[in-house]
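Modelling step: build the complete structure from the supplied sequences, incorporating the hints.
Plus 356 on top of the position in the sequence shown (first one is 1) and you've got our numbering.
Simulated from the structure, these hints should not be mistaken for laboratory data. For each residue, glycine too, the CB sits at the ideal point set by N, CA and C. Among these hints, one or two may not hold up.
Stated by the list, open to error - Mimicking DSSO-like on lysine-lysine, the simulated pairs with C-alpha atoms at most 30 Å apart in a straight line are: (1) Lys427 x Lys526; (2) Lys427 x Lys665; (3) Lys526 x Lys514; (4) Lys426 x Lys665; (5) Lys426 x Lys611; (6) Lys643 x Lys797.
Stated by the list, open to error - Just the calculated beta-carbon pair ranges, DEER-fashion: (7) Arg683 x Tyr916: 21 to 27 Å; (8) Thr898 x Thr756: 44 to 50 Å; (9) Ala631 x Ala696: 54 to 60 Å.
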Amino acid sequence: MNATSSTTDFRQQREQQIKQAEELLASVPQHLGIGKGLFWGKFVADWIFPYPRLSDAEQAQTEQSLSELKKFCDEHLDPERIDREADIPREVIDGLARLGVLGMTAPAEVGGRGFSQMAYCRVLEEIGGRCSATSIFVNAHHSIGIRALLLFGTDEQKRRWLPELVSAQKLAAFALTEPEAGSDASNVQTSATPTSDGDFVLNGEKRYITNGAIADVLTVMARTPNAGRSGTSVTAFLVTPDMPGFKVVEARMPKVGIRGTATARLAFENMRVPAANILGPLGKGLKVALTVLDFGRTTFGACCTGAAKTCLRLATEHARTRRQFGRTLGEFELVQKKLARMAAWTYAMEAMTTITASLIDRGLEDYMLETAMLKVYSTEVLWTMVNDAFQIHGGAAYFTDRPLERMLRDARINQIGEGANEVLTSFIALTGLRGPGLRLKSVADAAKRPWSGLGIIGRFVSDQVAYRLQSPAVSVRSPLLRPAADELSRRIHRLGLAAQRTLFRHREEVLERQLDQERLAWTAMELFASACVLSRIDSEMTDLRLPSDELDRRVQTAIYFLSMSARRIDDELMGLKNNDDAQLRRVASGGRQSSE
Numbered sequence: 357m358n359a360t361s362s363t364t365d366f367r368q369q370r371e372q373q374i375k376q377a378e379e380l381l382a383s384v385p386q387h388l389g390i391g392k393g394l395f396w397g398k399f400v401a402d403w404i405f406p407y408p409r410l411s412d413a414e415q416a417q418t419e420q421s422l423s424e425l426k427k428f429c430d431e432h433l434d435p436e437r438i439d440r441e442a443d444i445p446r447e448v449i450d451g452l453a454r455l456g457v458l459g460m461t462a463p464a465e466v467g468g469r470g471f472s473q474m475a476y477c478r479v480l481e482e483i484g485g486r487c488s489a490t491s492i493f494v495n496a497h498h499s500i501g502i503r504a505l506l507l508f509g510t511d512e513q514k515r516r517w518l519p520e521l522v523s524a525q526k527l528a529a530f531a532l533t534e535p536e537a538g539s540d541a542s543n544v545q546t547s548a549t550p551t552s553d554g555d556f557v558l559n560g561e562k563r564y565i566t567n568g569a570i571a572d573v574l575t576v577m578a579r580t581p582n583a584g585r586s587g588t589s590v591t592a593f594l595v596t597p598d599m600p601g602f603k604v605v606e607a608r609m610p611k612v613g614i615r616g617t618a619t620a621r622l623a624f625e626n627m628r629v630p631a632a633n634i635l636g637p638l639g640k641g642l643k644v645a646l647t648v649l650d651f652g653r654t655t656f657g658a659c660c661t662g663a664a665k666t667c668l669r670l671a672t673e674h675a676r677t678r679r680q681f682g683r684t685l686g687e688f689e690l691v692q693k694k695l696a697r698m699a700a701w702t703y704a705m706e707a708m709t710t711i712t713a714s715l716i717d718r719g720l721e722d723y724m725l726e727t728a729m730l731k732v733y734s735t736e737v738l739w740t741m742v743n744d745a746f747q748i749h750g751g752a753a754y755f756t757d758r759p760l761e762r763m764l765r766d767a768r769i770n771q772i773g774e775g776a777n778e779v780l781t782s783f784i785a786l787t788g789l790r791g792p793g794l795r796l797k798s799v800a801d802a803a804k805r806p807w808s809g810l811g812i813i814g815r816f817v818s819d820q821v822a823y824r825l826q827s828p829a830v831s832v833r834s835p836l837l838r839p840a841a842d843e844l845s846r847r848i849h850r851l852g853l854a855a856q857r858t859l860f861r862h863r864e865e866v867l868e869r870q871l872d873q874e875r876l877a878w879t880a881m882e883l884f885a886s887a888c889v890l891s892r893i894d895s896e897m898t899d900l901r902l903p904s905d906e907l908d909r910r911v912q913t914a915i916y917f918l919s920m921s922a923r924r925i926d927d928e929l930m931g932l933k934n935n936d937d938a939q940l941r942r943v944a945s946g947g948r949q950s951s952e
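The following block contains the structure:
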């Protein structure tokens, strides 16, 4: 291959990447929420403050449900047995169904409990703290399985399927992943060919589908021809396993962790699906998938919070009782460091989950960035926490009579499932940069036509002068938190400036600059986490509902988190200017060549 053809191929590949990125980002609502606002250097305060709470009636209902769930889990949920036998017993599924867990946010008219997302996250947190396999089964059935039908189903589709799904007489699954379409949801290859009588014939395969072989109703993504134009788009279909051509290639794929979940490989061979089974608009399956995954990522945060609380409890108990060198482990500073960090992260994860769930409950439309932040942050933090708890327990944790061995295996999938964290990290950065990038592009275009573009240029210059002279307001009720609020404000302002500089430096090349994307994304995630923590502790300090010793403990935990998070933000922003990226790329390139 000569240099000219190589350059041409590269340009074509770049154009295709830009097209795919624009297609994906165009499907994301572009209203200015807390996440996107951070990349503008703005703080959308009413998304975070005041800290959301359940109503008294829903709080009582939730506490009653949690009491019943805890009793059931104490008596019937055996995570060691589930892991050992690689199966969740039917009596456990039926018991969760009787408690309403498998249809908790569905409306009462179809047999659901009508819980809010915030209340439902409390339930998933409890299950996630006990058995990751069971929490993922519930999440697959309810948060992404039933949810697609609740959000996009027609009245007839809901009447036909929801009652039996809500009661768990039937189970649900969400079939998106394929050999060529994992985190790249837009790369679905399964085809849906229209027939002369208006139905569709599906051909393709799916893999890694949770509940795939035990589900009675599956939401399947497949490509359909575009009406009146060339190309294809993704469409969602409701599929049942009794359809001729539906094949279970592998019912239970052996796995490292979450062994109790039934993870399947499926195939569709000339499978005829009625047009009445199209879920949502034709060609809008990507929107269905991304919207449903928002709910799954929120409950992912809840499950991780539950697991984090278990890690913290196990580590704290062991550090308090285990003695070495004449002292308890908890008296050593390196162990204290792990315990303090675990406590701070757990407090933050719970606050982030609560606030993100509240965005859904408020009926907002633009929470895709926040759910992605929650998913990446909580899964990365949990992985470190499980390892820290493991380390505190020492060699004892390595053996199978302790829960941390199972928790370590179970936690690893979290950074991969429902969007690999590396992909979501780039998504967070590129989605956040899109608004500022479009504005800078409009200014650049206006500069090419000075007379007609003077208004755009003038407004931009005026906004820039005002923007650089002030930081966004972060209001708190407690005077003791004013310094922390001011520090948060200054760092939000710095992210806005850093986003602009990154766009000026890289322009369209920013699509390739994943190292800088990562720095910007983690800065935004830490700012979001800090804002959630600040809102929560401000509420707890001013509402005075907690005993004084518990309130003091939480204040110390929150302040430590804010300090720890601020240091990481400073490090990430500094890395945009001072880094060894060029050397990294040279070494990685050399490694690729030596392996070929």
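CA of lysine 427 to CA of lysine 526, is that 30 Å or under? Satisfied, since the Cα-Cα distance of roughly 25 Å is no more than 30 Å.
*Evaluate the given range 21 to 27 Å for the C-beta pair formed by arginine 683 and tyrosine 916.*
holds, 23 Å
Exercise. For the pair supplied as a hint, lysine 426 and lysine 611, is the alpha-carbon distance within the 30 Å limit?
Worked result: Measuring from Cα to Cα gives roughly 28 Å; hence the hint holds.
Practice task
Starting from lysine 426, check that the Cα of lysine 665 is at most 30 Å away, please.
Solution key: Answer holds: lysine 426 to lysine 665 is near 15 Å, not above 30 Å.
Given the hinted pair lysine 643 and lysine 797, is their Cα-Cα distance within 30 Å? holds, 26 Å
Open item on the list: lysine 526 and lysine 514 were given as a pair; does the straight-line alpha-carbon distance stay at or below 30 Å?
Closed with: Given pair lysine 526, lysine 514 holds - Cα atoms ~14 Å apart, limit 30 Å.
Using the C-beta atoms of alanine 631 and alanine 696, is the stated range 54 to 60 Å upheld? 58 Å Cβ-Cβ, so the 54 to 60 Å window holds.
**Q.** Restraint status (C-alpha distance of lysine 427 to lysine 665 at most 30 Å)
**A.** holds, 18 Å
request  = Go ahead and decide if the range 44 to 50 Å is satisfied by the Cβ distance of threonine 898 to threonine 756.
outcome  = Holds, at about 47 Å.
Going through the hint list in order, the structure satisfies each hint without exception.
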